[in-house]
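**Student:** Here is how the chains run, residue by residue.
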Amino acid sequence: MEILMSVLIGVLMSVSVWLMLSRNLVKFLFGLVLISNVANLIIFTVGGLTVGAPPLIVDGGSEVYANSLPQALVLTAIVIGFGLVSFTLILALKAYQALGTVDVDEMLLAEQPAGHQAVNENAATEESAPATTTTPDSDAAGKSPGTPL
Amino acid sequence: MTWLLILSLLVPMTTAAVTFMWPGRSESKGYISIAGMVTLCIISLILLYNVNTQGTLSNQMGGWQAPMGITLIADLFSAILVVVAAFVALAVSIHSFSDIGEEKVNGGFHTFLHMLIAGVVGAFITGDLFNLYVWFEVMLISSFALLVLGGSKIQLDGAVKYVAINLISTVVLLASIGLIYGLTGTLNMADLHQRVPMVENQSLVSVVAVLFLIAFGIKAAVFPLYFWLPASYHTLPISVSAMFAGLMTKVGVYALIRTFTLIFPGEHDSIDIVLLVLAVVTMIAGVLGAMTQTDIRRILSFHVIASIGFMLLGLGLNSTLAMSAAVFYMVHGILIKALLFMMAGIIGRLGGSYDLSELGGLYQDRPGFSILFLIAILTLIGIPPLSGFWAKVMIIEAGLASSDYFIIAMVLLISLITFIPLIRIWSEAFWKSAPAQSTHNNKRSTDIAPAALIPVLGLSLALFWIGLQPAWLIDAADRSAQSLLAPQAYIEAVLSDATEKVLPEDQS
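Here the protein sequences come in this chain order: H and L. Counting from 1, position 69 in the first sequence corresponds to residue 69 in the working numbering; the numbering is continuous, with no gaps. Count along the second sequence from 1, then add 149; that gives the number in the working numbering.
So here's chain H without its partners, still in its complex pose (with noise of 0.2 angstroms):
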């Protein structure tokens, strides 16, 4: 049961990594699931795998049980990774909307040269790209970090 387990787990494991090395955003959502699912089998079973036994303790003691602790632990990040997921998903729509892409690497606009954003939180509509404004050094400054995706 463990050998099916862990090799389940590197598979889908595998796959979402895969998934997630994409630059597109909607399979990099996918890979997110795939991937909190595999963290949660991981736990479960090093948690300890008991086979066609409830986690309870009938009375009297000697009957095999599970250890509901690793369930409890599922549980609990399966809550959380649904909230993560959903609100990723959102984003991610957003994003396409706001940006007209779900390509991560033509998601430029924060990393752009400094320069080309006012203080105006709302300056997304750039563009006006005044020629003093592109110094020598932006080129450096647009490509650096980022896109880690």
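Incorrect hints may appear among the rest.
As the list claims (entries may be wrong) - Ranges of calculated distance between the beta carbons of each label pair, as one might list FRET restraints:
{"no.": "1", "chain 1": "H", "residue 1": "LEU108", "chain 2": "L", "residue 2": "PRO373", "range": "18 to 24 angstroms"}
{"no.": "2", "chain 1": "L", "residue 1": "GLY517", "chain 2": "H", "residue 2": "LYS27", "range": "52 to 58 angstroms"}
{"no.": "3", "chain 1": "L", "residue 1": "GLY250", "chain 2": "H", "residue 2": "GLY52", "range": "57 to 63 angstroms"}
{"no.": "4", "chain 1": "H", "residue 1": "MET5", "chain 2": "L", "residue 2": "MET170", "range": "28 to 34 angstroms"}
{"no.": "5", "chain 1": "H", "residue 1": "VAL11", "chain 2": "L", "residue 2": "GLY173", "range": "52 to 58 angstroms"}
{"no.": "6", "chain 1": "H", "residue 1": "GLY52", "chain 2": "L", "residue 2": "SER645", "range": "38 to 44 angstroms"}
{"no.": "7", "chain 1": "H", "residue 1": "LEU12", "chain 2": "L", "residue 2": "VAL356", "range": "18 to 24 angstroms"}
{"no.": "8", "chain 1": "L", "residue 1": "MET440", "chain 2": "H", "residue 2": "MET5", "range": "48 to 54 angstroms"}
{"no.": "9", "chain 1": "H", "residue 1": "SER86", "chain 2": "L", "residue 2": "MET210", "range": "24 to 30 angstroms"}
{"no.": "10", "chain 1": "L", "residue 1": "GLN343", "chain 2": "H", "residue 2": "ASP103", "range": "48 to 54 angstroms"}
{"no.": "11", "chain 1": "H", "residue 1": "ARG23", "chain 2": "L", "residue 2": "ALA558", "range": "26 to 32 angstroms"}
Stated by the list, open to error - So, partial list: chain L residues that the calculated Cβ filter (under 8 angstroms) puts toward chain H:
{"no.": "12", "residue": "VAL283"}
{"no.": "13", "residue": "ASP306"}
{"no.": "14", "residue": "VAL430"}
{"no.": "15", "residue": "ILE433"}
It is worth saying that the hints were derived from the structure and are not from the lab. Backbone N, C-alpha and C fix where the C-beta goes; we use that ideal spot for every residue, glycine too.
Position chain L relative to chain H; hints supplied.
**Tutor:** Then chain L, alone, in the frame of chain H:
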């Protein structure tokens, strides 16, 4: 006095609930928020006083015995950080009057701010590894909400990167918690301290330790995992970035220090060298990154990363001196980063832009504020007698004590390089004359809003005081470091408490 622990969580949570449901106008929500933060500050000070006089405080939630139930515990290290976090949060809630509009307040700004601080405080005072994960989630989901509040394009762009990488760290953390549970059968941190050395396969312990390093390293923005930070912090309203820059990464550092002193003290031989290398590279990446930027907020974001390196050095050098340097540096780092971001907000308001090429002449307009800013950057660089100086002296002293001359050289070199981007802000924004024509001239304002000035003055005073009177904080940092490296008192506070109270009824 153990009720103080639960109270320091209940107060921000209650305030969050009240501000969420409050039917009145947005201003009144702000006042409720400030009242909540003031209460939290008072509670945290009482907590610190009690921990300082009576030693570590602990409380078993629901009266369950220690290794079974969830423990809340505050040792001196936690208590100091709770106080600092509460004061930064108070400063932020005052500052929010200046830049958080009615729309964002009605969108739940104060609610999320208080849930964020509840998560931060919870992470500082929990004694249970899974509970730490839950507090991290509370913090994370509130930070997500603050991140996208307002929903401008640039914010969404920054948020995608922040959310994605932080979710990965969450999953890594969860998996490593599962693995450590599988190895030891416990999640109580004090209990783990005793059981981890008993695990037969110590190489598995090392693997799990590295997983924890990755998970908390992402949160703390350690070298190869820091890209999310400069990609997102400058997209936020100043109040939010001050809060994030001050507190969020430091919670990651706290978790690193706590896990590697309490749970994996046996891993020092293998982990320390990794930590030292990561710390040095993080510092280099931070200061060099700062040099390439022209946006004040991005320069400061990279400085946040550099300062994380200094804190990791304290953990990596693994001596009482080094650890107390890390504790001191954390207090100094939280305050100075929140202060500098708020000052950047004022500069942006006065100059109409955050970009150095469009700023100028601020010294002529506002000499008083300019001097205050100069003192703040000198504090960060570490000019005596300001607080950054003491932090760096302590790190260098620790390096000398353990003869790590390379580390000392790097600290000195990086402190010098730190100087360049900061003094560039000074000379470009304040010293040079205002550019002839600025594209954003129309957005300039000549007044500093009192709501922005009060927290700036408050944080400056706090830092100045630490600089002039460092002895008490150095002493407190020393004692925290001793209890971190020899956690017997911590373990007794958790586990003996349980044996005394075998009957749950005794609790209530």
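**Student:** Hint compliance check: list the failing hint numbers for this structure, sorted ascending.
**Tutor:** 4, 11, 14 and 15
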